[in-house]
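> Take the two lone chains and join them into the complex the hints point to.
The chain contents come next:
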Amino acid sequence: MTIPNPTHLLTVLTPDQTGIIAGLTALLDELDVGLLAISETVLHDYFTVLMSVGVPTAVEIDVLRDKVQAQIGADASVTVVAHQPGSSVEMDGERYVLTATGQARPGLVHVISSIVAARGGNFVDLFSNADAEQISMVAEIDLPADVALDQLQIDLEHATSHAALHVRLQHHRLFVATNEIAFRRVPT
Amino acid sequence: MIRTDAIFNTIRMFQEEHLDVRTVTLGVDLQDCSSPVGQHLRDKVHAKIVGHAGGLVRASAEIERRFGIPIVNRRIAVSPIATVAAGHGTAELVRIAMTLDRAAGEVGVDLLGGYSALVHKHSTPTARALIDSLPEALAGTERVCASCNVASTRAGINMDAVLHLGRTVRAIAEADAARHGFACAKLVVFANMPDDNPFMAGAVHGQGEADAVINIGVSGPGVVTRALQRLIEDAGPANLTLADIAEEIKITAFRVTRVGELIGRELAQRLGVAFGIVDLSLAPTPKVGDSIGEILQTMGVIDVGAPGSTAAIALLNDAVKKGGAFASSSIGGLSGAFIPVMEDATLARAAADGSLTLDKLEAMTSVCSVGLDMIAIPGDTPGETIAGIIADEMAIGVTNNKTTATRLIPVPGRAAGEHVRFGGLFGESVVLPVRGVDGSSQFVRFGGRIPAPIQSLRN
Chain A
3 MTIPNPTHLL TVLTPDQTGI IAGLTALLDE LDVGLLAISE TVLHDYFTVL
53 MSVGVPTAVE IDVLRDKVQA QIGADASVTV VAHQPGSSVE MDGERYVLTA
103 TGQARPGLVH VISSIVAARG GNFVDLFSNA DAEQISMVAE IDLPADVALD
153 QLQIDLEHAT SHAALHVRLQ HHRLFVATNE IAFRRVPT
Chain B
24 MIRTDAIFNT IRMFQEEHLD VRTVTLGVDL QDCSSPVGQH LRDKVHAKIV
74 GHAGGLVRAS AEIERRFGIP IVNRRIAVSP IATVAAGHGT AELVRIAMTL
124 DRAAGEVGVD LLGGYSALVH KHSTPTARAL IDSLPEALAG TERVCASCNV
174 ASTRAGINMD AVLHLGRTVR AIAEADAARH GFACAKLVVF ANMPDDNPFM
224 AGAVHGQGEA DAVINIGVSG PGVVTRALQR LIEDAGPANL TLADIAEEIK
274 ITAFRVTRVG ELIGRELAQR LGVAFGIVDL SLAPTPKVGD SIGEILQTMG
324 VIDVGAPGST AAIALLNDAV KKGGAFASSS IGGLSGAFIP VMEDATLARA
374 AADGSLTLDK LEAMTSVCSV GLDMIAIPGD TPGETIAGII ADEMAIGVTN
424 NKTTATRLIP VPGRAAGEHV RFGGLFGESV VLPVRGVDGS SQFVRFGGRI
474 PAPIQSLRN
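The listed protein sequences correspond, in order, to chains A and B.
Residue numbers for the first sequence follow the working numbering, beginning at 3 and rising by one.
Residue numbers for the second sequence follow the working numbering, beginning at 24 and rising by one.
The set of hints was computed from the structure by calculation and includes no laboratory data.
All values reported here derive from a predicted model rather than from experimental measurement.
C-beta: ideal position from N, C-alpha, C; glycine also.
Nothing false has been slipped in among the hints.
With the Cβ distance kept under 8 Å, some of the chain A side facing chain B (calculated, not the full set):
id, residue
1, V140
2, D152
3, H168
4, T180
5, N181
6, F185
What follows is a list of derived Cβ distance ranges for each label pair:
id, chain 1, residue 1, chain 2, residue 2, range
7, A, A60, B, A348, 53 to 59 Å
8, B, A29, A, H168, 14 to 20 Å
9, A, T190, B, G440, 51 to 57 Å
Here are the computed lysine to aspartate or glutamate pairs in the EDC-like style, where the Cα-Cα straight-line distance is at most 20 Å:
id, chain 1, residue 1, chain 2, residue 2
10, B, K273, B, E40
11, B, K71, B, E115
12, B, K71, B, D234
13, B, K67, B, D124
14, B, K67, B, D52
15, B, K67, B, E129
16, B, K273, A, E182
17, B, K345, A, E182
18, B, K344, A, E182
In isolation and in its complexed conformation, chain B is listed as follows (with noise of 0.2 Å):
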């Protein structure tokens, strides 16, 4: 028999403090499908993914039946489609992006990652084409995201790529101007990209995965901060430590990531496929009450930004990683605390308040998860200063040997201080100012490599 009180405490996470499974993401592997004819590639990738994932809403449904778990998002992660598509060009390219929007349509879910490439060494004729696509390609479809990864802790930071990404991401905003730039919210620049993410829009099915694999994330700020607040009141501020307040994290986070594991074996189980991972990544969204902002609000931090933001984002994101870990030996992805600043909105009236800022969010993602995300920058903000940002963001990561990544948007037409709306989980911001415009273009545009660091050196 199961305790009463403990079944009360799990019931009281989805009830009230928003715990659900954020996404079920539904690994493939198209290397299989690569052929020098587009037409025979294309149908390949399509007849594939549907294959895979043709019963993947129907399945997650009856799961979310049977355990009374919210599941909130269905998604598909494909193998890096510059891989897939080699020897293509970006017609072709563009073709593919919309054979895999049409495939992830049909099989009913919102987002597919995977139009990516890994350039963080040097990159391919057809990588390159890849991120020419991208303006069209982004903008073009519903649900394609895309990714490059443009340096690792063993590579370096590829600068043509960072260059060749800071003046696309201004490229993709133009031609997303319709919609505010909306489609740069599907691109992520990612060092050091994980294998197997499941949370988009970074979301890939990398090297070494199975044929197909259900990955898993899981999130639940609201269920972190609720915890806190238990504990605080019960115990008292004065009698409480920091150590205390980690402790109560890492429970937390293993109750969660138990939810995580339970409802990725079923599923795999049912779909026939490889379990893959559990990633526990506190992922806001602009719900009330779901909030890593909160989160910080309610360890002390109430201006978030103000001097300790970084440390409380420390001891946030290593509490959650460790009670992820205790809880599941396979724990995976991303991993930590996200702080994307549009989709939480704390964070985002703390922008708009003038306390966060581009360089205090920088500082924190050196000891969280993942790096500058959902950020609304000037429209007019110039390629070589985006490619600047990512540069910084990537050297973060390279050199702590940790993922980072950036999905900025310049929203065409907004200076800093005015706002942007994308709507739902996408939420809302005001545009952030970015100092120092123009003043490091020299440095980007030399280009070439920043060579791996010497930690790269393990052997």
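Chain A with its partners taken away, still in its complex shape (with noise of 0.2 Å):
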């Protein structure tokens, strides 16, 4: 068996029920579509997936665009997007871990993300929740090797500071060492 190579980015949003991803993937199936790569999360009652995936020639886009909408429904906001090979962000740097914690307040993802992007760092997965009070943030960000860990730490800090918000850059490896069962397995 051969793996396929990506082909298409697939993402569909509808308002989350049972059975979406069952339905989806024996659709896939059926169009011998392959499916690479997938990340999924339900979000304020909302199920949003992004798939990565092989489409034979021989299945035309917008008719797998179709048959996807109808088989989730017509509230599904669903899209299919032509993959780019070589599009991914080149970075000679570390991969840190961004976590925020404290007082909600509107505009505070802006403020941190603007920051991160001047330094050249890059979002590779970002988690953001937020109620009538508290914000929490966990961001993996790529930074490159030149970056002044300390300048950028002070920057976040005295940018979030009138939202008493706690706001650490720690290498990821720390986190990968305290959660994996084989240290071998840290990355060096």
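Structure (structure tokens):
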């Protein structure tokens, strides 16, 4: 069996219900579309999934989109975009985990992400949840090797001090080391 | 991707629960510094320490920033000086202590251990001279820490050395009377001294070690306390057994140990030296929320020292070791739970209340790490009585094939029930009463060696 190359990215956004993944993957199997990677979450009662797929040339993309739409329902938002090879962000740097907890204020995610972006940092995973009082944000970011960590940490704290936000930037190996059973699996 | 809850669990250990790397300790072998000429020896010792440790503070600060983990202390352990300075007398040994102090200051570390002698079977003239030099060497330096191994399971207990040290502890306190005998806090008397202990005051760079090595001491009483509190709050005490509590401590110890291993390997790589061991010892500080006593209280021993305290500390000590051993193949040093009375606010309070006595502490040390640690006793306690206390603690270590130790402070001019305060990490406490003063003087004056126990004959 050969693993196909990713040709497209398929996204679905719809009110959550049971059986969405089962129905979607059954459809992909039926069309002989290879499923290479999947990231799914439910956010405020909405189901969202991002799939990296290999679509055979015999399957037309518009047909694939229509069939998915019919499978999930008319309320769903379905997109299929072509995968561009070599489009990943190349960086000579290291991965850090950024965490922020504290009082929820409008614009905090924007403030933090702008500071990181200005230093050449790239968000590779982000979770943020805010209620009436508290915000919790966790992001994995790749930072260039020459970034001044001290200054970045100071800038993040300064920019969010009005919200009494506790922002920390820590190398991601710390979190692997404290959660991975085998230490040899901690990246060097 | 790392799970969000796993990230927040790790963050919480640092933000709310006082987890830190208590010490990064650079071990430096000084055996190649020996010289019959004192000045040459001191020059070589100074050059080697500064050469190896010159980058220690900067490298550890960089790692602190990278991982966002507090590293509280940077320290150095050297080869036992009585071996390095073999053939030299008391005056020269004091000069060596001053050199060690100066070198430690120049590289920015707060303590340097290894002003030490191994006298568990017999003692050399230099070892005896080193013990004689302790009052001047410890009272006259800021950073130098000393230790003596007076007993081992294989050799028994060198009672001549025990008596010598009992009298010397008293002399050290009197030499440092202006600081209430604080210099005694820099002397540990050991049975079965480990070669790779990173914690002060008992750190040495032992035989069989690399030329230079990084050993890590991680702590985290606060993390264990909070983990147990959460467990009890979530499950309810009626739904838990002590096995559940042991399991929670084990899991917590795993995570804490991993922090140590990560930092140790990173630092060793940066300094270009060997990585030695992680010592996961629950080492309290006087801060609220960083206490072994609070762990025992969370486990239901509200009056620390009450019946059940020894069983509780045994459970804690064992679970810590098991979690640490699963986390790392490089566990070493002391690895257990310390009960230094002055350095633990809850233990100090229990001592002041009278629930925690010297006798109960001694019982607890039979099942935990390390011994009668940071205990203030009356300043007029005779050297023979101090030797008796040391001998009892050594007997526990020798018979149980474990490390035990004493760090006793006979506070000059203070009687039982009075208070002494050293401040900082060294804390404060009531002066504990010593029962049976002079009641065993003849026993310790016999001297000689208590033979090794039968369990030493293993081959």
